[in-house]
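Each chain, letter by letter, is given below.
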Amino acid sequence: MFFVTYVRRELRRRMRQAICIALGLALGVGLVVTVAAASAGVTKAQLRVLRTLYGEATTVTVTGPKWQGPSRPPKGTPAPQMGPHGPEICVAGGTCTSAAGKTLSANDTLTEGISVAKVAAAARLPGVAAAAGGIFLSESTLSWPKNGASTARRGGNALGARMGGYSLEGVDTRHPTLGPLGGASLISGRLFTAADANAHVAVVDAGYARSHRLRTGAVLPIVGPADANGHTPAIRFTVIGIVRQAAGTNPPRVYVPLKAAQDLMWIKTGPASLQGKVTTIYLAAASAADVPAVTREVARLLPGTKVTSASGLANDLGRWLAVLVLIAAFAVASLLTMAAVARRAAEFGTLKALGWRTRRIIAQVLGESAAVGLAGAAAGIALGYIGAAIIAAVTPSVSATVGSDFDSGGTRLIGGSPVQTVAVPLHPSVSAGMIGLAVLLAVAGALLAGAFGSWRIARLRPADALSRVA
Amino acid sequence: MYQLTRVAKRYHKGRRTVAAVQDLDLTIDDGEWLAVQGRTGHGKSTLLNLLGGLDRPTHGTVELDGTSLGALPETRLTRVRAEKIGFIFQTFNLIPTLSAAENVETALIPLGTRSAARRRRVAAALESVGLADRAGHLPAELSGGQQQRVAIARALVKDPTVVLADEPTGNLDEDTRDDIITLLERLWRDRGLTLILVTHDTTIARRAQRVGVMHNGHLTIRQDSPNR
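Protein sequences, first through last, are from chains A and B. Here the first sequence stands for residues 53 to 522, where the numbers follow this note's numbering. Here the second sequence stands for residues 3 to 230, where the numbers follow this note's numbering.
Read the hints as simulated data drawn from the structure, not as lab findings. The hints are all genuine.
Have a look at the derived ranges for each label pair, beta carbon to beta carbon:
no. : chain 1 : residue 1 : chain 2 : residue 2 : range
1   : B       : His61     : A       : Arg64     : 45 to 51 Å
2   : A       : Arg64     : B       : Ala119    : 23 to 29 Å
3   : A       : Arg395    : B       : His14     : 23 to 29 Å
4   : A       : Phe54     : B       : Asp180    : 32 to 38 Å
5   : B       : Glu129    : A       : Phe54     : 18 to 24 Å
6   : B       : Glu129    : A       : Ala441    : 55 to 61 Å
7   : A       : Phe54     : B       : Asp192    : 26 to 32 Å
8   : B       : Gln5      : A       : Gly488    : 58 to 64 Å
Ideal placement from N, C-alpha and C gives every residue a C-beta, glycine not left out.
Please construct the entire structure, taking both the sequences and the accompanying hints into account.
Here's what the structure looks like:
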C-alpha cells in the first residue's frame, strides 16, 4: 500500500526528528500515567485512612483550627518536675511530693472547638445529607515506679515516668455511622443508640480491650476534669461494645457519647473548654457529585477550619505538573512537525502539481504523526510503568493527622507536641484505562501537531510551495 | 488546445506590485512544441504556472480544451492537473525517500489507479526512458540525468495531453542535456503531446516548433521552426 510505504520511508528518513517528537510525547504521557497511577494508589489508601478515621459514610470532614493556647495544664493542676531527690509532683502553692508509685492523668484536645450550632448550620448546607459533631480527646498518663527508680533507660521520659494513654472519640449518638466508629465492625455487644446520649457508656477498640482485659459490661475508668484542688478523678464508664478497625490504621481506642466527651475535657471553662463544642464535624454528601460543592460551602461557612474531602488529596497530586508537561510536549511536537512540514514545502508542492488533493497530503502527514504518536504512547506507557515502580519503591504513605498516639509518643502533660500520623502505604497501579488514556493522549497530541503542520500545507498555493526550492 | 486571452498576473511584493505577465494573448495547438525563452524574472515560470493551473491569472482567461482554469474550483483544477498535465522541473523534484518506481507511481495515486495497473504502467514508463533496471533505486543513487529521466517518466506515466517543462536541462551537463532533449523530442513525437518548455538554451529552443520570448511580462513569438 502506497500510503504505508510513504509513511514508513518518511519516518525512516526523519528518524532522529521522529524519535525526538515521540520521546517528547512519551515524557508527557508517561508523567500523566505516573500521576494517574499514583493518584489511584493515593485514592485507595486515602479512602482506607478516611474510612477508618471518619467512617464509611463520611465524605467531608471539618477539623477545628490547631489549638494555639497554652500547651501546659491550667494553673493549680498537679505537674511533674525533677526535684533534688528525683521526680516530684507539685500542686498549687508549690507543694511538691515524691512521684514514686504515683500516676498523673489528664486529657486534652489538639484543636479548638467548633460551636455545635455550626454543626446544625453545616447540616443545612445544600448537598449535605447528614452532619454530626465529634470530639477527639487525648487521654494521657504518666506513672512512676514505687521504688522511685528512673525508667528513662527503659523507655520512660526525662522525668523518669512511663508514658501511657489512648485516644478517645466523642460520638454523636444520633449519627453513630458518621465518624471513626462508622468504619468499625462490631465484634461484641452493641453500638450507641440515641438513648445513650447522656449515659456513661463506652465502646472500645478490640486491641485496646485485649491489652486492658476489657469485655462487654466491664467498667472503664476515664480521667475527668480537674476539681477545685487540681485533681482529676476518674469517671466510670460501662463498656457496651467492642469494635475492630482495619489493620494498619490507628483509630481511637475508646468511644463515648458526645456529651460525656464534652464533660470529660479537663478544662471546664474558658476558650479551651469544650462545653457546647465539637472538635470535628463529619458530613455525608448527598452524592459524590456534591462533594466539591459541599467542600467549598463548608469552608466558606467555617473559615479557619481544615476541610478534608475524599477526593481532595489525590486530585491535586502532580495534576498540574502533568498537564503542564503534556502541554509542553504537545507544543514541542507541534513546533517540530510544523518545522518538518515547512522543510517539505517543495515536496508537497510537487505532489500538488501532480494532482494530489490537499486532503490526501494532509492524510499523509497525519499518518506519519499518528505513527509517531503510537511510538510515543508505547514509550510513554513504559515510562509510566517505570514512574509507578519508582513511586512504589519509594513507598510514600497517605497520612492523616488526628491526635496523639500515647503508646508511642509524647504527652501534653510534660509540654510535648503530640501529633498522630496514620499512614497507609501507597501502591500505584497502572490500569487498562490508563493505558488507553496514554495511547489516546499521545496519538491525539501527535495528530494535533500534524494538524498544525497540515494547516500550513492547506494554505500553500502549489506555485508558492514549488517556489520555495525553485 | 490552450487559449490565453489578455492574461495578466500581478504579485504584491511588500508595497510594490510586480506585473509578471501582461496582456498575453496566445494559442497553443494540440501536439505543438512551444519553447519559451527570456531572462530571469521576466515571467517565464509564471506563464508556465498559469498554463499548469498552479496559479490563477489576475486578469484574463487561460483555457485548456475550452475550460477556463482560473475559474475552476481547487478540487477540479487539481483533477485537471492529475489527468491532463505533466510537469518536469529543473531540480527534478523527486521525493528522496521513494524509489524511482515509487516516484513515478506518485503521479498515478490521484487517478485512483489500482495497484497492479500502477505497477504495470510505472514499469512501462521507466522502460520508455531507459531506466527499467533502476526502478528500485533511490534518487540519491541516480545521476542527475537519470533523475530527470525518472521525472520525465513521472510526467508521462499518466498519459497527459500537455507536458510543461521548466528548464529541464538546467542542472545537467551538455551530453546529458542532449540526451534528455532527444528523449523529450521522441516522446513528444511518439505521443502527440503538447510540450511547453521553458529554457535559457537557444540550441534547445531551436528544436521547438515555435519559440516565444518573455520580456517584462510580454510574450513575443519569434520563430516558427521547421518542426511546425
